[in-house]
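K.L.:
Spelled out from the first residue to the last, the chains are:
2 protein chains.
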Amino acid sequence: MSATTPLSVLALSGGVGGAKLTLGLSDVMDSERLNVLVNTADDFRHFGLQVCPDIDTVVYTLAGLSNSEQGWGLADETFHALKGLERLGGDTWFQLGDFDLATHLWRSERLAGGHDLLQVTHDLAVRLGVHSRIHPMSADPVSTLVCCEQGELPFQHYFVREQCAPSVTGFRFEGIDQARPNEQVLALLREQPLAAIIVCPSNPFVSIDPILQLPGLWTTLKESPTPVVLVCPIVAGQALKGPAAKMMTELGVPVTALGVAEYYCGRYPGLLNHFVIDTSDAKLAADIEQMGLRVTVTPTVMKTRQDKAQLASTVLAVAAEG
Amino acid sequence: MSATTPLSVLALSGGVGGAKLTLGLSDVMDSERLNVLVNTADDFRHFGLQVCPDIDTVVYTLAGLSNSEQGWGLADETFHALKGLERLGGDTWFQLGDFDLATHLWRSERLAGGHDLLQVTHDLAVRLGVHSRIHPMSADPVSTLVCCEQGELPFQHYFVREQCAPSVTGFRFEGIDQARPNEQVLALLREQPLAAIIVCPSNPFVSIDPILQLPGLWTTLKESPTPVVLVCPIVAGQALKGPAAKMMTELGVPVTALGVAEYYCGRYPGLLNHFVIDTSDAKLAADIEQMGLRVTVTPTVMKTRQDKAQLASTVLAVAAEG
Numbered sequence: 001m002s003a004t005t006p007l008s009v010l011a012l013s014g015g016v017g018g019a020k021l022t023l024g025l026s027d028v029m030d031s032e033r034l035n036v037l038v039n040t041a042d043d044f045r046h047f048g049l050q051v052c053p054d055i056d057t058v059v060y061t062l063a064g065l066s067n068s069e070q071g072w073g074l075a076d077e078t079f080h081a082l083k084g085l086e087r088l089g090g091d092t093w094f095q096l097g098d099f100d101l102a103t104h105l106w107r108s109e110r111l112a113g114g115h116d117l118l119q120v121t122h123d124l125a126v127r128l129g130v131h132s133r134i135h136p137m138s139a140d141p142v143s144t145l146v147c148c149e150q151g152e153l154p155f156q157h158y159f160v161r162e163q164c165a166p167s168v169t170g171f172r173f174e175g176i177d178q179a180r181p182n183e184q185v186l187a188l189l190r191e192q193p194l195a196a197i198i199v200c201p202s203n204p205f206v207s208i209d210p211i212l213q214l215p216g217l218w219t220t221l222k223e224s225p226t227p228v229v230l231v232c233p234i235v236a237g238q239a240l241k242g243p244a245a246k247m248m249t250e251l252g253v254p255v256t257a258l259g260v261a262e263y264y265c266g267r268y269p270g271l272l273n274h275f276v277i278d279t280s281d282a283k284l285a286a287d288i289e290q291m292g293l294r295v296t297v298t299p300t301v302m303k304t305r306q307d308k309a310q311l312a313s314t315v316l317a318v319a320a321e322g
Numbered sequence: 001m002s003a004t005t006p007l008s009v010l011a012l013s014g015g016v017g018g019a020k021l022t023l024g025l026s027d028v029m030d031s032e033r034l035n036v037l038v039n040t041a042d043d044f045r046h047f048g049l050q051v052c053p054d055i056d057t058v059v060y061t062l063a064g065l066s067n068s069e070q071g072w073g074l075a076d077e078t079f080h081a082l083k084g085l086e087r088l089g090g091d092t093w094f095q096l097g098d099f100d101l102a103t104h105l106w107r108s109e110r111l112a113g114g115h116d117l118l119q120v121t122h123d124l125a126v127r128l129g130v131h132s133r134i135h136p137m138s139a140d141p142v143s144t145l146v147c148c149e150q151g152e153l154p155f156q157h158y159f160v161r162e163q164c165a166p167s168v169t170g171f172r173f174e175g176i177d178q179a180r181p182n183e184q185v186l187a188l189l190r191e192q193p194l195a196a197i198i199v200c201p202s203n204p205f206v207s208i209d210p211i212l213q214l215p216g217l218w219t220t221l222k223e224s225p226t227p228v229v230l231v232c233p234i235v236a237g238q239a240l241k242g243p244a245a246k247m248m249t250e251l252g253v254p255v256t257a258l259g260v261a262e263y264y265c266g267r268y269p270g271l272l273n274h275f276v277i278d279t280s281d282a283k284l285a286a287d288i289e290q291m292g293l294r295v296t297v298t299p300t301v302m303k304t305r306q307d308k309a310q311l312a313s314t315v316l317a318v319a320a321e322g
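Here the protein sequences line up with chains A and B, keeping their order. Last residue of the first sequence: number 322 in this note's numbering, and the count goes up by one each step with no gaps. Last residue of the second sequence: number 322 in this note's numbering, and the count goes up by one each step with no gaps.
Some hints could be false.
No distinction is drawn between identical chains; accordingly, a pair holds when it is met within one copy or between any pair of copies.
[What the hints assert, rightly or not] Okay, derived cross-link-like pairs now, SDA-like style, lysine to any residue, Cα gap no bigger than 25 Å in a straight line:
{"hint": "1", "residue 1": "303", "residue 2": "176"}
{"hint": "2", "residue 1": "246", "residue 2": "115"}
{"hint": "3", "residue 1": "303", "residue 2": "177"}
{"hint": "4", "residue 1": "83", "residue 2": "45"}
{"hint": "5", "residue 1": "83", "residue 2": "122"}
{"hint": "6", "residue 1": "246", "residue 2": "227"}
{"hint": "7", "residue 1": "222", "residue 2": "212"}
{"hint": "8", "residue 1": "83", "residue 2": "115"}
{"hint": "9", "residue 1": "241", "residue 2": "296"}
{"hint": "10", "residue 1": "83", "residue 2": "119"}
These are computed hints drawn from the structure, not numbers from a lab. Predicted model only: the values in this text are computed from it and were never measured.
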């Protein structure tokens, strides 16, 4: 673990895919200088508790507690409370693990006690031994609603209960117009030069868009002198995890790295400087460069810890080129 | 399991000791005709969840799910969420089991959804296979505060966190003046003759008093034609479970069956008709009879299921004498 840069890094992340790259980053840089801006539009209340799936995935991953086989939740997790809920005929569509439940109980109590999500998330990370700074995208509530033919579904209902089966026509981020971007991240962007702004290989529509759609955020990132590097979440026409490819198909976005680049450049013109694609998509590099992006072709599939560190090093090197 | 009576029975109960006798009653009578009026003044919110210790003890016991060795909680219980809370530095003084947590999650969600505690408790019992009717003493919140030299402590703080160490000077039942007694139990008392009203061997101060202090309740019981039989919670100068003896000492009440009888007769004159004491206290029978009570001397220590059924049969027989 070498400190390749004395400057801070800001990584935008959703859940599993983003968490993998943040783990790689924390391995190859001074982990205390890694700032992760995490999507909270998936957050929801379940049994009266505040559940923050993406924050928890990032925190558990950086704490070395995640279930790396399953891709979500905690290693050595048990589901006894869930079995109890099943016995009572309660809702069991969301897989509430017992250790995970402790996080939700603890967080909900602290939120009810008047602490905001920024402070509570910081404390959660510290108590689980995470040295990087985990920043919820906002302390204000934002809720992703998935627009389908049958109407709008709260994200977790679409994602977990309906297992992404409904065909998607769009998304709505309830509350986003009133949500203030995380002020600590705005201060970070204002006050110091950064080594890189990294958009992790997370779902463009439901992980990264909610962050970028916060009032003023994407233009602030765009205006920053720091290079913005996106790691493409689509590899060889497939999403490695989750419904990104299915959503792209349903929305008429080509399910390729080029489609991803076009989506981001169309929606956030001038934001991205670098685009990192997998070696299997090398033939698309020229077309993406045509859009004014610098393209790096490198293995982006992160199976091992070494894969993650290698990709993280490449991304930091790309950003260092300016 | 024989139906010794076609009439309904009403039993007033706190937690462990009362639950034992209700289990015996459910074994020796038509269990569907057993109505248990349970103390809820121990109820409290923990991590935002509504915890009802006495209701749960009675329900778990009648459902055959209780941890009979430990005296509270569920058999085969695990404490993984609690370990998670410990890891986060959260409160762990209340032993939240994982299966038990499911009950609190389920109940809290239903209460938040607009159901009242009467309906939620009924559903809980039904879903766990209990045939008897479990009645919270009130749908309205009542909270026992334990008065000590250092001030007032919420009951669970005194009972669990402080392990009953503070010396008690009295009790206050916050909210009791506004609490309406369980209307289903009032209807039961109005509409049909009962075989017996049984005061279970529960703590007089913190289990039975909150029930009897509900506006109008003890006088309604007193005016009922049904015999009221109390099973003494003090045996040979000791409480079999919990802090009753310690509290009696601190309050200057003699720690004997006679002390218990004097306490009830002084506070609720004319309420009790029968007083059931343990064989080890046989010598006190004459003094208790002097107070106008009919006394039955019988083994009251309930270790085995057979003990519980035997005591229950005796209590029903005593009531049947009129």
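K.L.:
All hints, please: hold or fail.
P.N.:
Outcome of the hint check:
1. 303 with 176: neither (34 Å within a copy, 61 Å between copies)
2. 246 with 115: Intra 38 Å, inter 40 Å, cutoff 25 Å: neither.
3. 303 with 177: Answer is neither: 37 Å inside a copy and 64 Å across each miss the 25 Å cutoff.
4. 83 with 45: Close inside one copy (19 Å) and across copies (22 Å); limit 25 Å.
5. 83 with 122: between (31 Å within a copy, 20 Å between copies)
6. 246 with 227: Neither. Shortest intra-copy (30 Å) and inter-copy (71 Å) distances fail the 25 Å Cα cut-off.
7. 222 with 212: within (10 Å within a copy, 70 Å between copies)
8. 83 with 115: between (31 Å within a copy, 23 Å between copies)
9. 241 with 296: So residue 241 and residue 296 pass the 25 Å test inside one copy only (22 Å; across, 72 Å).
10. 83 with 119: Intra 32 Å, inter 22 Å, cutoff 25 Å: inter-copy only.
When the structure is compared with the earlier hints, violations turn up for hints 1, 2, 3 and 6 and for no others.
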